[in-house]
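Colleague: For reference, the chains in residue letters:
There are 4 protein chains.
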Amino acid sequence: MSSQYGKKIKISIFGQSHSPAIGVSIDGLSAGIKIDTDELRAFLKRRAPGQSDISTARTEDDMPEILSGLAGGVTCGAPLAIIIRNEDARSADYRELRDIPRPSHADYAAHVKYGGHQDVAGGGHFSGRLTAPLCAAGGICLQILRGLGIHVGAHVLRIGGAEDDRFDPVNISAVDFDTIRENPLSVLRREAGESMRQQILEAREKGDSVGGVVECAAVGLPAGLGDPIFDGIENRIAGIVFGIPGAKGIEFGSGFAGGERMGSENNDSFFMDGKNIKTRTNNSGGILGGITNGMPVLFRVAFKPTPSIALEQDSVSLSRGENAVLKVKGRHDPCIVPRAVPCVEAAAAITLYDAYLDR
Amino acid sequence: MSSQYGKKIKISIFGQSHSPAIGVSIDGLSAGIKIDTDELRAFLKRRAPGQSDISTARTEDDMPEILSGLAGGVTCGAPLAIIIRNEDARSADYRELRDIPRPSHADYAAHVKYGGHQDVAGGGHFSGRLTAPLCAAGGICLQILRGLGIHVGAHVLRIGGAEDDRFDPVNISAVDFDTIRENPLSVLRREAGESMRQQILEAREKGDSVGGVVECAAVGLPAGLGDPIFDGIENRIAGIVFGIPGAKGIEFGSGFAGGERMGSENNDSFFMDGKNIKTRTNNSGGILGGITNGMPVLFRVAFKPTPSIALEQDSVSLSRGENAVLKVKGRHDPCIVPRAVPCVEAAAAITLYDAYLDR
Amino acid sequence: MSSQYGKKIKISIFGQSHSPAIGVSIDGLSAGIKIDTDELRAFLKRRAPGQSDISTARTEDDMPEILSGLAGGVTCGAPLAIIIRNEDARSADYRELRDIPRPSHADYAAHVKYGGHQDVAGGGHFSGRLTAPLCAAGGICLQILRGLGIHVGAHVLRIGGAEDDRFDPVNISAVDFDTIRENPLSVLRREAGESMRQQILEAREKGDSVGGVVECAAVGLPAGLGDPIFDGIENRIAGIVFGIPGAKGIEFGSGFAGGERMGSENNDSFFMDGKNIKTRTNNSGGILGGITNGMPVLFRVAFKPTPSIALEQDSVSLSRGENAVLKVKGRHDPCIVPRAVPCVEAAAAITLYDAYLDR
Amino acid sequence: MSSQYGKKIKISIFGQSHSPAIGVSIDGLSAGIKIDTDELRAFLKRRAPGQSDISTARTEDDMPEILSGLAGGVTCGAPLAIIIRNEDARSADYRELRDIPRPSHADYAAHVKYGGHQDVAGGGHFSGRLTAPLCAAGGICLQILRGLGIHVGAHVLRIGGAEDDRFDPVNISAVDFDTIRENPLSVLRREAGESMRQQILEAREKGDSVGGVVECAAVGLPAGLGDPIFDGIENRIAGIVFGIPGAKGIEFGSGFAGGERMGSENNDSFFMDGKNIKTRTNNSGGILGGITNGMPVLFRVAFKPTPSIALEQDSVSLSRGENAVLKVKGRHDPCIVPRAVPCVEAAAAITLYDAYLDR
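Chains as they are written, first to last, in the numbering used here: chain L, 127 to 485; chain B, 127 to 485; chain G, 127 to 485; chain U, 127 to 485.
None of these hints come from the bench; they were simulated from the model. Among these hints, one or two may not hold up.
For chains that are exact copies, the list does not tell them apart, and a pair is met inside one copy or across any two.
[As the list claims (entries may be wrong)] Cross-link-like lysine-lysine pairs, in silico, DSS-like; alpha carbons within 30 Å at most: (1) Lys404 to Lys332; (2) Lys453 to Lys401; (3) Lys160 to Lys136; (4) Lys332 to Lys453; (5) Lys136 to Lys401; (6) Lys332 to Lys136; (7) Lys160 to Lys134; (8) Lys136 to Lys404; (9) Lys133 to Lys171; (10) Lys404 to Lys455; (11) Lys455 to Lys332; (12) Lys133 to Lys160; (13) Lys171 to Lys160; (14) Lys171 to Lys455; (15) Lys404 to Lys453.
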């Protein structure tokens with residue numbers, strides 16, 4: 127069991143990088159919600175490969191086909207299933223990897239787990255391509271949340287040494303999310319995107335890759351979502367975010383920086399804003415005791431540099447049991463962080479809609 | 127639903143800070159395992175309050191009573207239930223908090239969620255005291271893992287500005303864990319503990335508190351544990367670790383630092399160590415594609431400073447709907463990080479034993 | 127994993143027949159509900175042993191102790207944990223059973239599953255005694271449901287050859303449930319109870335036991351509870367009812383008799399009863415497509431005769447691998463059916479409250 | 127949440143009767159198992175409509191397309207997803223049903239649950255057509271079980287008044303299952319099938335339908351599968367079997383008949399059969415305390431007569447809130463019991479393989 131998530135809604139992801147199709151079943155959506163398929167397609171496009179000089183050369187239309195769950199364009203209570211066909215798969219590129227695992231990729235761990243039967247082509251079920259169905263599910267949740275007045279947005283905060291502005295933890299607004307969607311590379315500050323682009327191009331030139339950080343926020347959430355202990359919003363968001371390949375860290379609110387502070391600095395004082403209770407700062411990232419407090423939910427996710435690089439690397443031959451040198455073929459992103467932005471939004475949207483239904 | 131965790135084993139935590147007892151039911155333990163109750167008590171003692179000048183003055187024996195799950199001192203396949211009585215509860219200290227929520231504590235979020243019916247006394251179900259049953263479950267899993275040759279240990283990496291040595295990601299050994307358990311404040315380097323102690327005492331003197339970071343490792347794990355996408359070891363560990371009050375961030379291996387690196391720096395090359403496949407570095411924290419690769423599992427958890435501080439703070443009166451000033455009474459830790467160390471070990475042990483059974 | 131049930135509420139049962147205590151944690155109850163502990167005790171008494179000449183001689187007070195989940199007598203949102211101490215345990219009676227399994231009891235299956243480490247005394251975790259915590263959880267759900275205008279009741283429909291009247295499927299009312307609770311042996315028709323009592327006494331005289339059927343109904347349920355396919359009300363009720371030791375069959379509405387009918391006989395016609403939609407018959411047992419239709423939910427559960435009988439029986443010696451003769455000692459009910467009545471009510475109440483919260 | 131089942135394997139069913147496709151994702155299959163797609167197609171054919179004069183006139187090829195989960199024809203550890211296109215859908219037949227619910231069909235309950243947004247066409251997600259993906263998942267589990275020496279088979283035990291021979295509870299063998307598959311209507315005794323056929327044809331002639339009972343067995347199972355209380359094999363099988371539309375009762379071993387017996391009649395004595403422990407009778411249906419005891423698992427499922435009949439029936443108009451008369455159009459089976467046989471086999475196979483993996 128591995129590819130399922132959720133409580134009130136349950137998403138179930140399937141597919142491999144080079145299988146006939148990838149897809150997702152989403153069980154538990156409220157009935158009676160109109161789904162805008164054009165908008166869903168536009169959202170998926172933000173994640174799709176082959177769109178610019180800084181992403182993989184693999185091109186996939188990523189046209190989602192909705193197989194079920196709608197009646198007259200409206201959710202009908204039945205699971206909504208979406209598939210996306212894999213078109214531009216070149217499995218031949220991956221043959222060597224069955225024997226020589228790529229450093230820091232899932233190849234070796236999967237080989238042990240599945241006794242050598244894992245689908246090696248394109249990374250199989252471990253491929254970043256599996257974030258397309260995640261985004262399909264998330265894209266639908268984003269639409270539904272918007273109808274509830276809840277907006278989720280993310281931006282690239284850092285790529286290598288280049289850094290964007292941070293969200294203002296207290297005053298994040300849906301307008302910021304629009305700005306990000308207009309800017310190349312999904313940043314708040316256009317020039318930050320330009321520096322990041324340089325970092326990526328340099329990495330690619332060297333046959334290397336580069337990591338980064340995505341920052342995500344949700345506004346408009348009511349207080350009281352989430353549950354104590356193991357079902358807090360932090361647990362749930364982390365539980366889905368680490369399903370995005372390459373995610374290696376997550377922090378909420380002041381996060382790791384909060385670990386260096388005094389309570390008097392880090393505590394968020396309450397005050398009355400008219401009839402509403404708010405906090406003056408938002409070091410808690412909108413979550414206290416696992417439960418939303420009505421302030422923006424705010425978190426950051428660290429992504430490691432893509433492990434698939436063109437440079438020669440040391441590895442081993444599984445069949446011969448000896449050291450070996452690997453030169454990865456195939457088409458790869460020098461930096462997955464910009465394409466991870468909609469994935470993080472999707473993950474947050476799924477969690478928050480699920481918590482909303484479960485309130 | 128909130129206080130349950132696990133797949134093959136299911137732990138179910140109950141209790142409030144001032145309820146008659148707190149406890150845990152652990153369902154799914156293998157049958158036929160001898161449980162050493164003295165060792166369990168010793169482990170719980172590492173978390174228990176009232177043990178030194180740097181923790182809360184509340185004293186609790188925290189003597190666990192095993193109600194079921196054993197036959198002749200050996201696990202019998204039935205759920206193992208443990209309770210710990212609450213003895214030294216002074217509920218009167220908490221009356222004011224029903225109206226004036228403590229900044230950065232769960233009071234307000236819980237008030238909204240439970241319509242004012244939450245147990246305010248001592249933080250109720252949100253109290254750090256609920257980590258005692260977590261540690262009871264974890265202490266049992268630690269014993270079982272050790273019998274399988276798997277060792278889990280954690281140390282305080284940072285408190286405020288004071289920092290301990292890091293684990294050597296490749297060569298962590300169970301001997302390090304013994305060192306930590308002998309050193310005050312659970313550190314690798316004794317002097318680091320002394321600086322941390324100073325930071326905590328200073329915080330307490332000011333009526334303030336201070337945050338920190340715990341680093342945790344597991345050695346002896348076979349490769350192949352965990353599942354792809356939503357059931358990776360990272361997802362699962364994060365899913366339980368955020369159940370420890372105050373945890374606001376987690377990173378695996380190089381984590382956030384990896385987000386600033388190039389792939390060529392961050393990738394972990396494979397090599398043959400005799401007949402074993404190992405990696406020369408361990409920036410992956412022992413997990414690739416959600417699955418263990420046989421290297422030490424390594425992660426760090428950020429804890430915010432305790433929100434309960436003695437200093438006056440701004441808050442609101444829920445009944446009057448106006449701003450109010452709060453001065454928290456009750457007995458509180460100026461720093462929970464040292465007491466969080468066994469909690470993080472417990473969380474990791476539960477997850478890893480669960481993943482082991484689920485392999 | 128074995129002893130947990132539920133979606134929105136999760137009950138987690140622990141204990142063995144002769145362990146220090148048995149108990150249950152109930153996670154997910156709505157906050158703000160007053161629990162009447164006297165009523166809970168009275169409900170548990172209906173299940174408790176040692177109350178008449180037709181049940182086991184083991185006497186247990188079965189006084190429930192609520193360890194958590196309440197604040198001021200009212201549910202506070204935290205898991206409600208209840209334990210019941212085991213007092214009158216005579217483990218010596220069970221020694222022989224470690225080697226010679228009782229026919230039609232769980233002894234042998236448990237021996238294989240747990241490698242001989244199962245708790246043999248009193249049937250361990252498989253004992254009917256574990257229905258006490260089930261009833262504790264169910265008793266609380268029954269109280270809550272009543273506050274919602276939903277009433278659940280069961281009666282003994284048959285013991286051996288003696289049969290009670292059936293519920294009128296369309297016109298069941300809470301008044302019927304009161305009648306049952308006043309009549310000895312939990313029957314609708316007093317004289318039916320007298321015949322049943324005779325059957326039980328005869329069985330006991332012979333050192334034998336006798337089986338029977340319990341019929342259960344719930345009235346006042348709104349239409350629309352339950353989910354299609356695997357989460358229908360039938361699936362859920364069956365999923366908990368087979369947790370009562372001895373249950374071997376369940377049927378909803380016309381059940382097995384419906385399998386001999388024509389559609390025109392078995393279909394329940396709709397009609398307007400004022401502004402309400404009702405059906406003229408209720409062969410569906412109030413459930414269509416897994417979802418309640420507003421008519422009374424109605425089902426019957428078959429219980430096998432208690433396997434522990436005083437007569438000599440053929441069995442095997444596990445240690446010697448040869449045939450053996452067994453004469454069961456210990457104190458046993460000649461018929462568990464009357465004591466199963468509150469268990470079935472409890473199971474139905476837990477399911478229906480869970481489905482109500484999950485609507 | 128509704129359409130998911132399982133513990134170690136998780137099946138997730140999607141689709142509506144007239145949606146573009148129906149399908150299933152099966153997560154958790156062991157890696158390295160060759161799937162015989164011809165055999166899978168042949169198994170699905172046993173369930174498919176339009177094959178004889180006694181089933182619906184709707185014709186569907188029901189050709190399964192495997193979208194993922196295989197690499198080189200062998201399971202690779204990733205979820206195996208299968209879809210089946212809906213070809214011969216005539217939605218126009220169903221328009222009236224949006225207003226006038228069919229007696230004893232899910233129409234009204236679904237209308238309430240989904241606020242009128244349910245997919246009415248062909249019964250939507252509640253259609254018997256959704257058993258095609260159940261059979262696809264079950265067909266794969268049947269193949270895998272056979273490789274483990276475990277065989278599952280079912281037959282029509284009764285249709286209306288016509289009855290087949292029962293399985294011999296102790297000596298069921300895989301040969302019986304072959305016999306059944308060769309006989310028309312899936313019976314043990316050919317002539318029983320002929321009487322059943324007569325009953326079905328008579329029902330159809332009258333514009334009526336008829337119910338029945340399916341008996342199912344599994345042989346070759348090791349002792350020790352299943353868990354106590356809520357995760358027993360009975361709970362699990364019932365939890366999936368009630369997902370088959372029309373199932374209204376289930377009994378294991380002697381079931382309801384056992385409720386009329388004495389313990390001395392119903393108990394299954396153990397004896398040594400060479401080195402194996404067996405029971406002389408099998409009134410327990412191979413399950414004790416929820417756990418297999420090594421004897422054949424044996425159960426029976428009651429199916430109500432198809433609610434869609436051609437005769438005029440009383441119903442109500444939801445829009446007008448008044449009584450109405452309904453004459454169902456569309457193409458329907460006069461008896462679903464023969465087509466339910468592979469569904470019951472599929473349900474049992476999924477459960478037993480899941481329990482096998484979870485042992």
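Colleague: Take the hints in turn and mark each one as holding or not.
Modeller: How the hints compare with the structure:
1. When the C-alpha separation of Lys404 and Lys332 is checked against a cutoff of 30 Å, the pair qualifies only between copies, where the shortest distance is 27 Å, while the shortest distance within a copy is 49 Å.
2. For the homomeric pair Lys453 and Lys401, the shortest alpha-carbon distance between copies (23 Å) is at most 30 Å, but the shortest distance inside one copy (62 Å) is not.
3. In this assembly of identical chains, Lys160 and Lys136 lie within 30 Å of each other by CA distance both inside one copy and across copies; the values are 19 Å within and 29 Å between.
4. Taking the closest pair of Cα atoms, Lys332 and Lys453 come within 30 Å of each other only inside a single copy of the chain (14 Å); across copies the shortest separation is 58 Å, beyond that limit.
5. In the homo-oligomer, the alpha carbons of Lys136 and Lys401 never lie at most 30 Å apart, since the shortest distance is 36 Å inside one protomer and 36 Å across protomers.
6. In this homomeric assembly, Lys332 and Lys136 never come within 30 Å of each other (Cα to Cα): the closest approach is 42 Å inside a single copy and 44 Å across copies.
7. In this assembly of identical chains, Lys160 and Lys134 lie within 30 Å of each other by CA distance both inside one copy and across copies; the values are 19 Å within and 27 Å between.
8. In this homomeric assembly, Lys136 and Lys404 never come within 30 Å of each other (Cα to Cα): the closest approach is 32 Å inside a single copy and 33 Å across copies.
9. In the homo-oligomer, the alpha carbons of Lys133 and Lys171 lie at most 30 Å apart inside one protomer (28 Å), although the nearest pairing across protomers, at 35 Å, exceeds that limit.
10. Taking the shortest Cα distances, Lys404 and Lys455 sit within 30 Å of each other only across copies (23 Å), while inside one copy they are farther apart (53 Å).
11. For a Cα distance limit of 30 Å, the shortest separation of Lys455 from Lys332 inside one copy, 15 Å, qualifies, whereas the shortest one across copies, 60 Å, does not.
12. Proximity of Lys133 to Lys160 under the C-alpha cut-off of 30 Å is found in both arrangements, the shortest distances being 22 Å within a copy and 27 Å between copies.
13. For the identical chains of this complex, Lys171 and Lys160 are intra-copy neighbours only, at 20 Å inside a copy versus 36 Å across copies, given an alpha-carbon limit of 30 Å.
14. Taking the shortest Cα distances, Lys171 and Lys455 sit within 30 Å of each other inside one copy (25 Å), while across copies they are farther apart (44 Å).
15. In this assembly of identical chains, the alpha carbons of Lys404 and Lys453 lie at most 30 Å apart only when taken from different copies (19 Å versus 54 Å within one copy).
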